[in-house]
Amino acid sequence: MYTVPKPRGGSDSQPEPLISSSDSVPAPGGPQGLPSVAKSRLKAKEGIFADALFRGIVILCALTLVVVVGLIFYELVAQSRPTLEKFGFKFLGKTIWDPVAEDFGALPFIYGTVVSSLVALVIAVPLSLGTALFLTELCPRWLRPILSLLVELLAAIPSVIYGVWGLFILSPFLRVYVQPVLAKYLGWTGLFSGPKYGFGMLAAGVILAIMILPIISSITREVITAVPRQQREAALALGATKWEMLRIAVLRNARAGIMGAVILGLGRAFGETMAVTMVIGNRPEIARSLFAPGYTLASVVANEFSEAFGRLHLSALMEAALILFAITLVVNALAMLLVWSITRGMPSRSIA
Amino acid sequence: MPKTTSQNIHWRRRLANGLALGLITAGALIVTVPLFLILGTVVYHGLPALNWAFLTQLPRPVGETGGGVGNAIVGSLMILAFASLIGIPLGVGSGIYLAEYGRNKWGNVVRFTADVLNGVPSIVMGMTAWALVVVTQGHFSLLAGSVALGIMMIPVITRTTEEVLLLVPQPIREAAWGLGIPHWRATLSVIVPTASSGIITSIMLAFARIAGEAAPLMFTALGNQYWNTKLNQPTAALPLLIFEYAKQPYEQARQYAWTAALVLISIILLTVIVFRWLANRGAIKGAS
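Note that the protein sequences, when read in sequence, are chains Z and P.
Quick note on the numbering used here: the first sequence kicks off at 36 and runs consecutively.
Quick note on the numbering used here: the second sequence kicks off at 19 and runs consecutively.
Be aware that a few hints might be false.
Said to hold, decoys possible - Quick partial rundown of chain Z residues pointing at chain P, CB under 7 Å, derived from the structure:
| no. | residue |
| --- | --- |
| 1 | I94 |
| 2 | V103 |
| 3 | I158 |
| 4 | L162 |
| 5 | F169 |
| 6 | L248 |
| 7 | M309 |
| 8 | I321 |
| 9 | N338 |
| 10 | F340 |
| 11 | A343 |
| 12 | I358 |
| 13 | F360 |
Just so you know, these hints were derived from the structure itself, not from any lab.
Just so you know, even glycine gets a beta-carbon here, dropped at the ideal spot from N, CA and C.
Please model the complete structure; the sequences and the hints are all you need to start from.
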């Protein structure tokens, strides 16, 4: 049976065994209390086992993530070994892409990927910041659910449908209405000159901008919402106008998160495949003008992988994917360093 | 009080205020324009050819009228179902790990990995699934496509789940612990349900992100002219079919692409709206 604890320093130790052995004496807290303590200890033991099991399961889930990323890297390197060995770092700097002569260089694709994504950022960042600020701070209450649903729906439209729309609707529109205007007023920059096809780098940038808008704005929105109310009230109490309040209290507090959102958008733009493939023109050349067609790492893989002939061609495409993976990895790591330097590695726990 | 200067600043500040707020509002309204344009054109071009046969029959070769994309619809739904089976448990599990046990070095490793995985382009995911599943199996398959898409779901769900779990107010956790509930039970019965609205939203985001993906399916599910419900056979999928047909120069093929686009958008938007409705109804609106 349960052993009775020794009396605490009392000189008179007689009544204690009496209470525990006999059931005739009702003592408050004594016989009823002890077994329940024992039971709860037993329960706690079960709880510890279940806790360990639960912990093991969720750790396994988390480990899958690590294993998958490792596998991606391993497979890409293993599959692109032939070109890695044959061309080495020259693969990054050459502008030739000739599957017949088995001579490959990825520079035009890297250029196309980076430039089309930067064009997208230039368009998307101000718009998505505006959207996020409007939704969280300015929007009338009745409009908020409608507008946020609309932005969310924009994220739900598939890449390939953006592609169809870009190919049949946006490109002709750009050719007829936008490119002539840009060429007339901004042609001197060299960015907007040359033949106007409609499709090309500019079209890809516009489509990408629309596609990354919802991602950037929804993350920005989350970050802005997380800024404590007191910060806003403090700014307003100091006599700030609404814009000053947004600038001082909201944007400044949320800047790390916003930067993270922007970089995440950039990463998505880098890897976007279908829509870009359908509007960028798919020509591996480097031109200063944004009107010119280009090619991206993702598009060349999408277009040529299933028809790749020869080990070297396949390997070159795999290396293109490896470069794409590396670029997105570096971009994301930069973003994370930036964000983590401020949030110290973890999302801020909201204090209620 | 230095009144004169403050009045002078006030005028400029008011102007800056009005200008900034106006730009913000304009930005928000501009963003909705592409949505209506895209939805409008897809409905406009797609609707005329939408009928029961389009949803239930096989595609017919160019020159023959009629036919449909039934096999691609079934294929897409199956791929998505299996992808969700892979992605949702792993994603929510990892999210719980990060929120409840991952506030240390290892948690940061997982967090970093999840962000890396989130940034992996979909086409790279497709090539990895090709190398892992297709090369191993020796042929293209529905399974390979599901693996590629399922893996893509994990990081989205993981990070959002972590975030919403951390938003659950500390007193709610403390109340659960105070009742003597073991940690796992507190997590599953108190913390996760409180955050369920956010978790459902994260699943919806992940689903919406993969549902329209064609790139990871190009070298995995490959596409198929005929019906397939077998896990280890190549399968048609709506996004693949749209891409294939949009590239062709024939009017009929383009018509297929538009109408298939309408079907795909409808499936995705219906899912998103139903999920949102569920999230808004079924959950306690705790922290936000």
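Exercise for the section: Identify whether the interface hint at I321(Z) stands, where standing means a beta carbon of chain P within less than 7 Å of its own. Expected result: 21 Å, violated
Exercise for the section: Under 7 Å, Cβ to Cβ, is where M309(Z) needs to be relative to chain P, so tell me if that hint holds or is violated. Expected result: 5 Å, holds
Handout entry: Supplied contact hint for I158(Z), tested at 7 Å Cβ to chain P
Key = Cβ of I158(Z) sits 10 Å from chain P, so the hint is violated.
Exercise for the section: Grab the minimum C-beta distance from F360(Z) to chain P and call the hint holds if it beats 7 Å, violated otherwise. Expected result: Result: holds, 5 Å to nearest chain P Cβ.
Problem - Interface hint status, L248(Z) versus chain P (Cβ within 7 Å) - result: 6 Å, holds
Practice task
Report holds or violated for the interface hint on N338(Z), using the least CB-CB distance to chain P and a cut-off of 7 Å.
Solution key: Result: violated, 10 Å to nearest chain P Cβ.
Handout entry: Interface hint compliance - V103(Z) to chain P, C-beta minimum distance less than 7 Å
Key = 6 Å, holds
Problem - Interface hint status, I94(Z) versus chain P (Cβ within 7 Å) - result: For I94(Z), the interface hint holds, since the closest Cβ of chain P sits about 6 Å away, which is under 7 Å.
Problem - Interface hint compliance - L162(Z) to chain P, C-beta minimum distance less than 7 Å - result: 5 Å, holds
Practice task
Please verify that hint: A343(Z), Cβ, nearest Cβ of chain P, below 7 Å or not.
Solution key: 10 Å, violated
Exercise for the section: May I ask you to test the interface hint for I358(Z) with respect to chain P, counting a Cβ-Cβ separation under 7 Å as satisfied? Expected result: Since the shortest Cβ distance to chain P is 10 Å, the answer is violated.
Practice task
Verify the interface restraint on F340(Z): the C-beta must sit less than 7 Å from at least one C-beta of chain P.
Solution key: 6 Å, holds
Of the numbered hints stated above, those contradicted by the structure are hints 3, 8, 9, 11 and 12, listed in ascending order.
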